[in-house]
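Chains as they are written, first to last, in our numbering: chain G, 674 to 773; chain L, 674 to 773; chain D, 674 to 773; chain C, 233 to 559; chain Z, 233 to 559; chain P, 233 to 559.
These aren't lab readings, by the way, just hints derived from the structure by calculation. Given the structure is predicted, the values throughout are model-derived calculations rather than measurements. The beta-carbon is built from N, C-alpha and C at its ideal position, and this holds for glycine as well. Just to be clear, a hint being listed does not mean it is correct.
[As the list claims (entries may be wrong)] Think about it this way: if two alpha-carbon atoms lie no more than 25 Å apart in a straight line, the pair counts; the simulated SDA-like pairs of lysine to any residue are:
id	chain 1	residue 1	chain 2	residue 2
1	C	K464	C	G324
2	D	K772	D	M679
3	C	K325	L	Y756
4	P	K265	G	R749
5	G	K737	D	A688
6	D	K772	L	Q766
7	D	K772	G	L676
8	P	K322	P	K427
9	P	K427	C	G490
10	D	K737	L	R693
11	C	K555	C	G467
12	C	K261	G	V695
13	G	K772	L	V767
14	Z	K322	Z	W491
15	C	K325	L	V767
16	Z	K261	L	D764
[Stated by the list, open to error] Each pair of labels, with its calculated beta carbon distance range:
id	chain 1	residue 1	chain 2	residue 2	range
17	G	A746	C	T260	29 to 35 Å
18	G	D764	L	R769	20 to 26 Å
19	Z	T237	C	E524	57 to 63 Å
20	C	L314	L	R747	33 to 39 Å
21	C	L323	L	R747	49 to 55 Å
22	D	P678	L	R769	23 to 29 Å
23	C	H357	Z	K465	40 to 46 Å
24	Z	A297	P	L236	27 to 33 Å
25	Z	K354	L	R769	33 to 39 Å
26	C	R428	Z	E292	42 to 48 Å
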Amino acid sequence: MNLHPMKLVTIICEAVLEDRIVEVLHECGAHGHTAFDVRGSGRQGERTADLVECGNVQIEVIAKPAVAENLLARLRRDFFNDYAMVAYESDVQVMRPDKF
Amino acid sequence: MNLHPMKLVTIICEAVLEDRIVEVLHECGAHGHTAFDVRGSGRQGERTADLVECGNVQIEVIAKPAVAENLLARLRRDFFNDYAMVAYESDVQVMRPDKF
Amino acid sequence: MNLHPMKLVTIICEAVLEDRIVEVLHECGAHGHTAFDVRGSGRQGERTADLVECGNVQIEVIAKPAVAENLLARLRRDFFNDYAMVAYESDVQVMRPDKF
Amino acid sequence: MDLLTAIQSNLFSPAVLFFVLGVFAAVTKSDLKFPESLYTTLTIYLLTAIGFKGGVAIHEAGIGAVWLPALVAMGLGGLIPLWTYPVLRKLGKFSMADAGAIAAHYGSVSAVTFIAATNFLKSIHEPFENYASAFLAVMESPAIIVGVMLGKGVLGGSKFSLSDPGVRHALRDAVLGKGVLLLIGAMVIGSLCGKRGMESVEGFFVTPFQGVLALFLLEMGMVAGRRLSDLKKVGVFLLLFGVTAPLMHGFAGVLLGGWVGLSIGGATLLGVLAASASYIAAPAAVRLSVPEANPTFSLTAALAITFPFNISLGIPLFFEAAKLLHA
Amino acid sequence: MDLLTAIQSNLFSPAVLFFVLGVFAAVTKSDLKFPESLYTTLTIYLLTAIGFKGGVAIHEAGIGAVWLPALVAMGLGGLIPLWTYPVLRKLGKFSMADAGAIAAHYGSVSAVTFIAATNFLKSIHEPFENYASAFLAVMESPAIIVGVMLGKGVLGGSKFSLSDPGVRHALRDAVLGKGVLLLIGAMVIGSLCGKRGMESVEGFFVTPFQGVLALFLLEMGMVAGRRLSDLKKVGVFLLLFGVTAPLMHGFAGVLLGGWVGLSIGGATLLGVLAASASYIAAPAAVRLSVPEANPTFSLTAALAITFPFNISLGIPLFFEAAKLLHA
Amino acid sequence: MDLLTAIQSNLFSPAVLFFVLGVFAAVTKSDLKFPESLYTTLTIYLLTAIGFKGGVAIHEAGIGAVWLPALVAMGLGGLIPLWTYPVLRKLGKFSMADAGAIAAHYGSVSAVTFIAATNFLKSIHEPFENYASAFLAVMESPAIIVGVMLGKGVLGGSKFSLSDPGVRHALRDAVLGKGVLLLIGAMVIGSLCGKRGMESVEGFFVTPFQGVLALFLLEMGMVAGRRLSDLKKVGVFLLLFGVTAPLMHGFAGVLLGGWVGLSIGGATLLGVLAASASYIAAPAAVRLSVPEANPTFSLTAALAITFPFNISLGIPLFFEAAKLLHA
Ligand SMILES: Nc1ncnc2c1ncn2[C@@H]1O[C@H](COP(=O)(O)O)[C@@H](O)[C@H]1O
Ligand SMILES: Nc1ncnc2c1ncn2[C@@H]1O[C@H](COP(=O)(O)O)[C@@H](O)[C@H]1O
Ligand SMILES: Nc1ncnc2c1ncn2[C@@H]1O[C@H](COP(=O)(O)O)[C@@H](O)[C@H]1O
Ligand code: NA
Ligand code: NA
Ligand code: NA
């Protein structure tokens with residue numbers, strides 16, 4: 674079976690940002706995303722997700738390495754200073770590279 | 674500490690398929706799975722998960738490399754043409770290889 | 674862009690353990706975590722998550738390799754024998770290593 | 233009351249207006265979103281309540297009064313795909329799979345449309361057979377089975393087989409699916425408990441019922457509104473079909489209802505059921521068993537065309553037709 | 233009303249029949265599923281409502297009438313594990329951990345069983361002390377603490393220690409857990425507000441109450457039904473225990489209730505509480521503090537045997553026993 | 233009724249007591265947790281119900297009676313940030329962003345505080361203009377827009393620009409956000425349906441309303457309680473501000489209400505609205521458009537100080553003030 678290397682970018686951030694991040698990742702050249710609600714803790718303290726307004730969301734994007742790098746750079750520039758956010762990259766293997 | 678390499682197969686697909694995918698992964702030799710509801714977008718458009726019938730589900734399976742390959746091949750054969758679906762593989766390290 | 678290697682530890686376990694695991698991971702030197710509810714199946718049978726008391730939770734921790742190893746060892750010692758639990762490690766790349 | 237008054241009285245009901253609000257929210261991309269679990273909860277509530285009330289009515293009326301019209305209703309549901317399928321194939325140029333899928337949706341029924349119709353009748357103080365929800369219960373599955381068989385090509389070649397895991401899952405869902413199970417289950421319970429049981433649960437299954445429907449239609453409006461953008465993908469033929477099919481099926485249902493001896497209200501309800509298109513049971517079952525069919529066609533037609541048409545104009549139309557018939 | 237009529241009237245109540253429907257849905261693997269959040273919501277509602285009503289009743293009756301029977305109820309809960317533990321060890325051959333775990337479940341109580349019993353009494357117009365929900369509130373924790381200590385081996389060797397993080401978490405959950413907190417909290421609120429407060433919230437905490445219970449029992453039926461397959465893992469002894477333990481505890485509760493001066497209805501309720509087994513507070517606390525215990529044993533016995541037994545046969549049985557006692 | 237009786241009657245209402253219970257649950261770290269979807273569901277219900285009732289009242293009173301006080305209310309909301317901003321900058325030494333953010337919260341309104349006030353008036357049988365929920369609806373957005381502009385520095389330098397994607401998202405949320413949409417939408421529906429529509433949905437939008445509020449305040453208590461630990465991060469100035477700002481705004485609202493011809497009840501409600509601080513619409517919009525502002529300041533002040541102050545002492549205070557004014 675032919676598997677093709679691709680990058681998975683995972684973003685965990687304030688729920689209020691979801692729409693904006695989805696806009697940004699399309700601007701960076703990604704063709705899809707998956708999102709779900711999470712709770713958690715980090716440097717900005719606990720996010721209990723009790724008020725929907727204090728929610729946390731995890732967004733996963735599979736993309737070509739160049740797109741992933743692009744996206745991470747944009748996140749750093751536009752969001753890292755002001756928002757509770759964690760973003761990381763990892764390696765995955767997909768079957769249909771043209772989808773991403 | 675002894676860690677053992679294993680494959681993680683992640684499948685994101687229409688919620689209506691969950692039961693069938695779980696059947697298939699057991700047929701392919703996997704011994705467990707984890708699933709949760711997600712929303713997302715991709716080549717088949719947005720999946721807003723508003724109607725439960727339009728839901729999206731993420732299924733994660735840790736398995737031996739051969740089982741993972743097997744599973745991906747089955748998914749490609751049985752589902753890729755007809756359904757909104759993304760499937761990818763990545764490398765993980767587990768402590769109890771006999772569990773998987 | 675400068676990316677720094679880090680470990681992602683993923684734990685899937687009985688929901689009843691969430692608070693204790695979060696305590697443990699802070700004791701092991703991790704500075705944050707992300708958690709969400711899942712369903713699944715494994716060696717201890719199906720976890721249908723119907724009774725909240727039978728729930729399943731997935732906990733993700735990004736940490737330095739030494740902390741990750743530490744954490745996995747603690748999980749093995751304190752929980753593996755008595756609880757339904759899966760824990761694995763994988764490689765990720767982050768932008769701000771000092772956060773973790 | 234003439235047609236215009238009936239339409240007006242229906243359009244200015246909370247239920248229809250909340251539906252319009254939902255469409256507005258979707259179209260303006262407001263951040264209003266119902267939690268998925270609320271949608272499921274409201275569905276469970278509405279189905280259980282309508283089933284239970286129907287069961288109590290069966291207890292009062294006796295099963296002897298119910299079985300014949302129920303059988304007629306069931307037959308109507310199973311037959312609708314048989315004439316919609318060729319129309320969709322020939323006139324609409326749809327593939328076998330798509331035609332079968334759409335036929336399955338239009339033969340099956342929409343519980344919420346039915347409930348909206350009972351509320352309309354109640355609001356204009358028109359009596360109806362309370363056991364009519366039995367028709368709703370028996371009309372859900374047959375058309376799905378017929379439509380799936382057509383879509384899999386039973387008529388020519390036939391890929392239909394019970395060993396296909398998709399078909400197996402789909403049939404189980406169509407027959408034991410949550411819709412049928414809740415409706416028939418609650419109906420059996422209601423018919424076992426009768427009036428005495430009703431007294432104890434009235435404050436839950438009856439008192440808030442109409443308001444819950446209004447809230448649910450707000451959500452349905454959002455769901456339908458999000459699909460409005462798919463209307464252009466669907467083609468002119470399906471747009472027309474989404475209005476003419478309910479009209480024809482609705483009048484057929486009214487006629488049959490009159491013929492089998494139902495009251496004006498009862499005949500209206502049978503008409504509404506025939507006119508309505510399923511957007512819960514059918515989509516899931518069809519998706520699993522006829523995956524080649526494009527769900528955009530059937531869901532958009534059922535949700536974004538036929539559903540709004542029925543709850544706004546269809547219901548008062550079929551009511552006037554039933555009145556004419558009885559006159 | 234004799235025993236048979238009582239049983240029949242109970243079996244044909246919406247609540248019990250919806251439970252049966254839930255079991256049916258689980259056994260036939262229907263796709264009906266309650267959202268997790270609906271289960272939690274219904275639990276919160278039922279506990280708050282029953283607590284609030286109890287509090288208003290305490291306000292009316294005065295704390296002087298309540299404290300003695302409440303103390304007796306609490307004592308009964310704490311003592312039950314002391315005799316069930318040795319039985320489970322000796323006759324059942326269970327490990328220390330398993331015996332302690334099961335004993336904790338059977339000494340603690342099930343709020344839903346209690347609520348079903350109040351509905352039964354209401355439906356047959358049998359009066360009872362409305363403040364009886366105070367017994368429910370105080371019986372939840374003691375048995376859990378006793379059972380956990382037994383399971384950790386206080387009797388021999390003893391691994392029980394407050395520095396064990398599992399034990400710490402478990403004790404906090406047992407004493408400050410949501411069940412106790414909602415019940416006692418709402419009860420205090422009700423007793424502070426009295427009748428005037430009740431008037432304002434009656435439309436929410438009273439009007440729909442019985443119907444909500446019916447819906448909840450539908451879900452409980454599914455939860456119990458999914459565990460029916462575990463019955464064979466559990467062994468014959470536990471099957472028998474799951475029926476005889478509630479019988480013995482129930483009659484003991486009825487006796488104590490009569491002795492402490494409760495009405496027929498009140499004694500019935502104390503019997504039902506003693507007979508019931510916890511499936512919410514106990515499982516979580518025991519899992520955290522006695523992880524060596526196999527949860528399949530205690531949960532299956534409590535949920536798939538004792539719970540259905542109590543809501544179907546136990547309630548009318550204990551009621552007839554209470555009547556006999558008063559005669 | 234004098235001030236003390238009014239305060240006491242308010243403090244011993246189920247709503248306020250359930251709020252206290254929620255705070256207790258949070259502080260003791262009980263495992264009680266409302267599902268997120270329940271919080272959203274209760275919000276949707278409360279906003280829809282209050283909007284619909286307001287709409288029916290507008291239908292009865294005629295829009296002619298409503299527009300002037302509504303305009304005054306709207307103006308008050310938009311002006312509040314203009315004087316709170318300099319106070320926060322000068323006396324509180326807050327950054328531009330933080331001062332604008334806090335000003336936006338205090339100019340905007342809290343629907344739940346308003347609903348609690350209507351319940352208080354109902355419980356003491358004090359009449360009020362039912363259409364007052366129109367004030368609630370129009371007071372939500374203006375202050376957010378003004379506060380955001382101040383926070384972005386329109387007064388000096390100005391980074392405020394509609395091409396900033398954060399600002400765009402924020403404005404859409406402030407104007408088309410779910411709060412405004414549900415309130416105004418349900419209000420329009422209510423004013424189109426009038427009394428007849430109300431009859432059909434009364435069992436849902438009116439009967440359980442007060443009880444639902446009590447349950448919601450239990451959750452609000454937990455949310456506020458979890459933030460109590462942030463009080464020390466917030467500084468003494470903001471603690472004082474969280475009590476004096478509602479006092480001043482509340483009395484201003486009462487005065488304006490009297491001046492524009494509202495009844496005692498109506499003036500009380502306008503006072504409560506002015507005094508209340510938004511914790512739903514404002515936080516999200518401000519977070520998106522003024523990200524440099526620290527949300528701990530505004531949310532803690534609004535939720536953990538001003539909200540409890542208003543629902544416990546503020547409401548009866550503003551009521552007594554309105555009475556004095558009319559005397
Ligand atoms: N070390 C970590 N491991 C996993 N998730 C984290 C970690 N740190 C932060 N997060 C997640 O990212 C969110 C924002 O993090 P922060 O900006 O550090 O407050 C938190 O609420 C967590 O959900
Ligand atoms: N590039 C991507 N990154 C992450 N998730 C994706 C991506 N593309 C698709 N998905 C997910 O997979 C589902 C099906 O994808 P598709 O078949 O492309 O419509 C979508 O609804 C998303 O949840
Ligand atoms: N092979 C697997 N792949 C993915 N998740 C698994 C796997 N095995 C177990 N799990 C998850 O871990 C939980 C506990 O597993 P276990 O202890 O094997 O019963 C299960 O309920 C699943 O959610
Ligand atoms: Na139909
Ligand atoms: Na017991
Ligand atoms: Na204000």
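Results for each hint:
The suggested pairing of K464/C with G324/C holds, with an alpha-carbon distance near 15 Å, which does not exceed 25 Å. A C-alpha spacing of about 11 Å is found between K772/D and M679/D, which places the hinted pair at or below 25 Å, so the restraint holds. Taking the CA atoms of K325/C and Y756/L, the gap is near 23 Å; set against the 25 Å cutoff, the hint holds. A distance of roughly 34 Å separates the Cα atoms of K265/P and R749/G; the hinted pair therefore is violated under the 25 Å criterion.
Under the criterion of a C-alpha separation no larger than 25 Å, the hint pairing K737/G with A688/D is inconsistent with the structure, at around 36 Å. Taking the CA atoms of K772/D and Q766/L, the gap is near 23 Å; set against the 25 Å cutoff, the hint holds. Simply put, K772/D and L676/G have alpha-carbon atoms about 33 Å apart, too far for the 25 Å limit, and the pair is violated. Our distance criterion of 25 Å between C-alpha atoms is broken by K322/P and K427/P, whose separation comes to about 51 Å.
A distance of roughly 34 Å separates the Cα atoms of K427/P and G490/C; the hinted pair therefore is violated under the 25 Å criterion. Under the criterion of a C-alpha separation no larger than 25 Å, the hint pairing K737/D with R693/L is inconsistent with the structure, at around 38 Å. A hinted pair counts as satisfied when its Cα atoms are at most 25 Å apart, and K555/C with G467/C does not qualify at roughly 35 Å. The straight-line distance between the Cα atoms of K261/C and V695/G is roughly 15 Å, inside the 25 Å bound, and the hint therefore holds.
As the CA atoms of K772/G and V767/L are separated by approximately 30 Å, the hinted pair breaks the 25 Å bound. Between K322/Z and W491/Z the CA atoms are separated by roughly 31 Å; this puts the pair beyond 25 Å, and the hint is violated. Between K325/C and V767/L, the direct Cα distance comes to roughly 54 Å. Violation of the 25 Å bound is thereby established for this hinted pair. Restraint check for K261/Z and D764/L: the C-alpha separation of about 35 Å exceeds 25 Å, so the hint is violated.
About 33 Å separates the C-beta atoms of A746/G and T260/C, a value consistent with the hinted range of 29 to 35 Å. Between D764/G and R769/L the Cβ separation comes to about 24 Å, which falls inside the hinted range of 20 to 26 Å. Range check, T237/Z to E524/C: Cβ separation about 59 Å, and the 57 to 63 Å hint holds. About 36 Å separates the C-beta atoms of L314/C and R747/L, a value consistent with the hinted range of 33 to 39 Å.
Between L323/C and R747/L the beta carbon distance is about 39 Å. The supplied range of 49 to 55 Å is therefore violated. Restraint check, P678/D to R769/L: a C-beta distance of roughly 25 Å satisfies the suggested window 23 to 29 Å. In this structure, H357/C and K465/Z break the distance hint of 40 to 46 Å, their C-beta atoms being roughly 58 Å apart. A hinted range of 27 to 33 Å holds for the C-beta pair A297/Z and L236/P, which are about 31 Å apart.
Here the CB-CB span from K354/Z to R769/L is close to 54 Å, at odds with the stated 33 to 39 Å. R428/C and E292/Z have their C-beta atoms about 28 Å apart, which leaves the hinted 42 to 48 Å range violated.
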